[in-house]
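Enquirer: Chains as they are written, first to last, in the working numbering: chain A, 305 to 456; chain B, 212 to 360.
Rather than coming from a laboratory, the hints here were simulated on the basis of the structure.
Since the model is a prediction, treat every value here as computed from it, not as a measurement.
Treat the hints with care, as some may be off.
[Unchecked claim] Quick list of in silico lysine to aspartate or glutamate cross-link-like pairs, EDC-like style, CA-CA up to 16 Å: (1) K271(B) - D342(A); (2) K270(B) - D363(A); (3) K371(A) - E333(B); (4) K246(B) - D342(A); (5) K242(B) - D427(A); (6) K336(A) - E333(B); (7) K375(A) - E333(B); (8) K375(A) - D241(B); (9) K365(A) - D243(B).
Each chain, written out:
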Amino acid sequence: MINIYSKWFGYSILGILFVCVVDLGRKYVLDKNMIQVDEMIIYLAMFAGILGFLHFISDKKCRNPGKIPNKSLFYIFLLALSVYAFNISFTRSIYYASDVTWPVIMISLAAIFIYLYSSLFFDDSPEFDWKILLGVLLTTLGLGIISVYFKD
Amino acid sequence: MVFKGIWVFLAVMCLFLAAISDLSRKYILDKDFVKPNEMIIYTAMGAGLFGLIHFLCDKKCRSPKKMNNKLLLLLLFLGFIGYSFGFAFTHAIKLAPDVTLVGMIVSLNIILLYLISSIFFESSPKFNFDVFFALILIIIGINIISKKF
């Protein structure tokens with residue numbers, strides 16, 4: 305059973321609220337034609353970069369890049385690349401979709417891939433369990449039903 | 212059927228990119244290559260760098276001077292909330308026994324997104340009670356996962 309008093313659960317709940325504000329905010333700005341899609345992608349990334357720099361300056365425990373192994377830096381570079389590519393696809397997707405919920409429903413299916421991969425290949429993750437996969441599939445089914453009942 | 216159009220292709224791309232991004236974060240943190248805060252900082256700075264390159268390459272992108280202050284403030288706010296999400300998400304996956312759990316909980320944001328967008332957004336479809344059945348299925352699914360872990 306998940307311990308709802310654990311730190312990671314609290315962070316996840318915070319994550320729900322933050323991602324809602326960001327997704328709805330993006331869709332609101334795009335719907336109002338206040339900005340072009342590419343401009344939003346660019347400025348959000350640049351603001352995130354500035355915030356990251358401010359965080360870097362204020363966090364005394366953060367090592368400078370010279371003290372981090374090249375292999376780790378390379379992984380971080382690839383991660384930043386995938387995050388930026390995700391932002392491009394996501395921002396364009398919510399721009400073209402009639403409702404911001406649609407793309408988010410599809411993206412939530414990533415949980416299935418993440419579960420399969422992490423349980424099969426990650427040493428620290430729990431072993432693969434068919435019952436958990438059933439839970440994931442039920443969740444997906446629920447998301448699918450939402451998509452059918454939505455009147456576009 | 213609502214799943215048609217260019218946004219579906221883009222959303223499917225997002226699906227795979229999100230899976231790659233989340234799994235990579237968990238892998239790097241599990242192996243202790245970097246600390247969570249270092250990951251948050253350098254990923255944001257890396258994305259900022261890509262944003263700057265994109266800005267220099269895209270001739271149609273207006274400079275900040277040509278935008279109104281209200282819009283820039285809104286973007287700064289969204290950037291801040293996005294950064295806060297990155298902070299909360301990275302710490303959550305570092306502490307959680309499995310990255311899937313965090314992903315599943317965060318995916319519950321669909322419920323809030325649907326409620327808010329259907330009620331308050333003019334261009335979104337109207338609220339529909341039928342979706343509650345589906346939402347119950349989602350919650351049952353989450354409960355099965357949480358009890359079996």
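Enquirer: Each of the hints needs a verdict: does it hold here or not?
Expert: Hint-by-hint comparison with the structure:
Taking the CA atoms of K271(B) and D342(A), the gap is about 9 Å. The hint holds against a cut of 16 Å. A C-alpha spacing of about 36 Å is found between K270(B) and D363(A), which places the hinted pair above 16 Å, so the restraint is violated. As the CA atoms of K371(A) and E333(B) are separated by approximately 51 Å, the hinted pair breaks the 16 Å bound. For the hint linking K246(B) to D342(A), the alpha-carbon distance of about 31 Å lies beyond 16 Å, and the restraint is violated.
Distance check on the hinted pair: K242(B) and D427(A) sit about 10 Å apart at the alpha-carbon level, within 16 Å; holds. Our distance criterion of 16 Å between C-alpha atoms is met by K336(A) and E333(B), whose separation comes to about 10 Å. Restraint check: the Cα-Cα separation between K375(A) and E333(B) comes to about 48 Å, which exceeds 16 Å; the hinted pair is violated. At most 16 Å may separate the alpha-carbon atoms for a hinted pair to count; K375(A) and D241(B) meet this at roughly 15 Å.
Taking the CA atoms of K365(A) and D243(B), the gap is near 15 Å; set against the 16 Å cutoff, the hint holds.
Consistency note: the structure conflicts with the earlier hints numbered 2, 3, 4 and 7.
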